[in-house]
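Using the sequences plus the hints, can you model the full thing?
2 protein chains.
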Amino acid sequence: MSEIKAPKRAGRVTIRDVAQDAGVSVAAVSKVLRNAYGVSDSLREKVLLSMGKLNYRPLASARGLRGRTYTLGLLLPDLRNPFFADIFDGVNSALARTQYQAMQGISVHANELVDAMIDRQMDGLILIGPNEVASRLSDIANRVPLVLIGHHEPVDNLFDTVNNDDQLGARLVVRHLHAQGHRRIAMMSLAKASTVITQRELGYRLEMMEQGLGTAINIIRCSQVLRDVQVAVRKLLESPHRPDALFCWTDLIAIEAISVATELGLSIPQDIAVVGYDNTMYCDLAQNRLTSVDQSGELLGLQAARLLIERIEGRTEAEHFVVTPRIVARASSRRP
Amino acid sequence: MSEIKAPKRAGRVTIRDVAQDAGVSVAAVSKVLRNAYGVSDSLREKVLLSMGKLNYRPLASARGLRGRTYTLGLLLPDLRNPFFADIFDGVNSALARTQYQAMQGISVHANELVDAMIDRQMDGLILIGPNEVASRLSDIANRVPLVLIGHHEPVDNLFDTVNNDDQLGARLVVRHLHAQGHRRIAMMSLAKASTVITQRELGYRLEMMEQGLGTAINIIRCSQVLRDVQVAVRKLLESPHRPDALFCWTDLIAIEAISVATELGLSIPQDIAVVGYDNTMYCDLAQNRLTSVDQSGELLGLQAARLLIERIEGRTEAEHFVVTPRIVARASSRRP
DNA sequence: CTGAAAGCGCTTACAG
DNA sequence: CTGAAAGCGCTTACAG
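Note that the protein sequences, when read in sequence, are chains S and G.
Here the working numbering is used: position 52 in the first sequence is 52, and no number is missing along the way.
Here the working numbering is used: position 174 in the second sequence is 174, and no number is missing along the way.
Mixed in with the good hints, there may be bad ones.
As the list claims (entries may be wrong) - If you only want the chain S side, here are some residues facing chain G, beta carbon under 10 Å, derived:
hint, residue
1, Asp78
2, Arg80
3, Pro82
4, Phe88
5, Asp89
6, Ala102
7, Leu113
8, Lys192
9, Ser194
10, Glu256
11, Ser267
12, Glu319
13, Phe321
14, Val322
The hints are simulated quantities; they were obtained by calculation from the structure and are not laboratory data.
Virtual Cβ for every residue (Gly too), placed ideally from N, Cα, C.
So this is what it looks like as structure tokens:
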């Protein structure tokens, strides 16, 4: 009676079935599948016909055992940051008409996840903001083709990188705030160091100096945990010499800063201007109207996927793609 | 010179290496790996020792060719809805000390993604809000163990479901708004029908009737596209007989509704109360203070993963897990 | 309890 | 251009 749980892959059409139906060898079918050289048009046509007729789909794990799985792994540091959805979209566009499929790994521990993805024969990996695995990057790159989004330290030709110019992005923020009349510009940064954070802090510092605001430099480093952010922002906004503008390293933090400021009865931007980074969908909402730096997440994802496929298909010299960021001004920072 | 791109899996430790090191057969190692019966303690110990020494990791695709890949597939309808991050967390907790790993598929087309996951030998699938594949659910379940989150129509024993009681959730919202003195309660629903939406609309209708508000029933159906939502909400709020409360089927829509209302110069909740669903992290922010229905996304994810593993390991009768939702009241709906 | 052999569905040299 | 055979790293009956 329990015919429900079919035996594994019961009736799955294999390359053998296709070969038989088309009256050719298994090897011929494999060649057509891979668009390999040395197949006549007539053979190819026969095979494609049979594939369509039988609704054949290659089994990725079987392919992977000798060749590729046509699967790319994507690793995010944080699922709750809406910026990463933009990157996904870009990866998807790049893969749309290819045989490749991206899979996002889900885990608390990035290191374990990288291993799990290698165990699962991913043809290549895209790591986004690879803080936790930073010390292992060379090891990983030696095991699997690798592209990093949000990492500014290339190592020989081991991997490609895709970035926006984080130093410039931070400079743009300071310039913008300065132009709006703000002087005591503080920065909410991330406690966990990374090359991206380093660049943003550097851009902030350098531009503050160049604008003659060197003495106002004030960087608060904080985790991403909601409560930590609230405590840190509250402490800053209640301090005797409160800043008149706050540059947050990512929109999510900026939105929380708006929340804390609102609770303290401060008005934005009169009492405190707020600027974020990433220009996510939440910036446009009327309750935020958040000025932010657009780093084109979709473009970053698109390029990363393209570079990764190139690497999988044989490129060995590294490429480093950089997007120029631009500031998108909204009410949260405009002079009243 | 190009020693960089190592030959595929160069030097990967295989089950054969472990067998040789331990002085046992390949089959014995396999048995230890799978915790299969019929292995003496001493043999197991030897094998485990060698595995550790050689840092052996089984290759999922090779395992999958005969048995399981120990990989579960997760499909989301929408990456931008923060509710799904809660579900992820739950899935992860459930998998923490198992051999299983979850992978989230990324694609615009759910149907293609399901096939891609089956091609990649996922041991089972968790589909969340499976609107686009609703008509294929039986087909899919016949090919792979299946658990659905957010689907209210079981089919025989084909798959398990994990839900909150959506009808009750909607009733709680109406009751709450009624208790706060609101009468003209409208509902922002989703244009694309689903069993979840049907239940929420039903709960809204039934409770409106029971509260004597039958004549005020007003359901606006709308896509999830930002612009469509804005247009629909604006039209509603500018209509002559404006509602005094708005029940939105998910927080994301509610937050956009707050944005539109704010732009129109309306104050919340004096002019219009707003209530969402899912109780996501954005509800707590001071600029939203959004009342919402908590359906315990993390618990849903946890249960779904557990049920899926049970099914993979042989259970054939369906199980249907239901969480009781609760309302979390905040300023967006409280009587001033 | 333990192991030799076949086989999962592909790809990869290698002959013809 | 085409195909027979070996093999990827495991698991699965099947003997012993």
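Hint check results:
{"no.": "1", "hint": "Asp78", "result": "holds, 9 Å"}
{"no.": "2", "hint": "Arg80", "result": "holds, 5 Å"}
{"no.": "3", "hint": "Pro82", "result": "holds, 6 Å"}
{"no.": "4", "hint": "Phe88", "result": "holds, 5 Å"}
{"no.": "5", "hint": "Asp89", "result": "holds, 8 Å"}
{"no.": "6", "hint": "Ala102", "result": "holds, 5 Å"}
{"no.": "7", "hint": "Leu113", "result": "holds, 8 Å"}
{"no.": "8", "hint": "Lys192", "result": "violated, 19 Å"}
{"no.": "9", "hint": "Ser194", "result": "violated, 21 Å"}
{"no.": "10", "hint": "Glu256", "result": "holds, 7 Å"}
{"no.": "11", "hint": "Ser267", "result": "violated, 12 Å"}
{"no.": "12", "hint": "Glu319", "result": "violated, 14 Å"}
{"no.": "13", "hint": "Phe321", "result": "violated, 20 Å"}
{"no.": "14", "hint": "Val322", "result": "violated, 23 Å"}
Comparing the model with each earlier hint shows violations of hints 8, 9, 11, 12, 13, 14; every other hint is respected.
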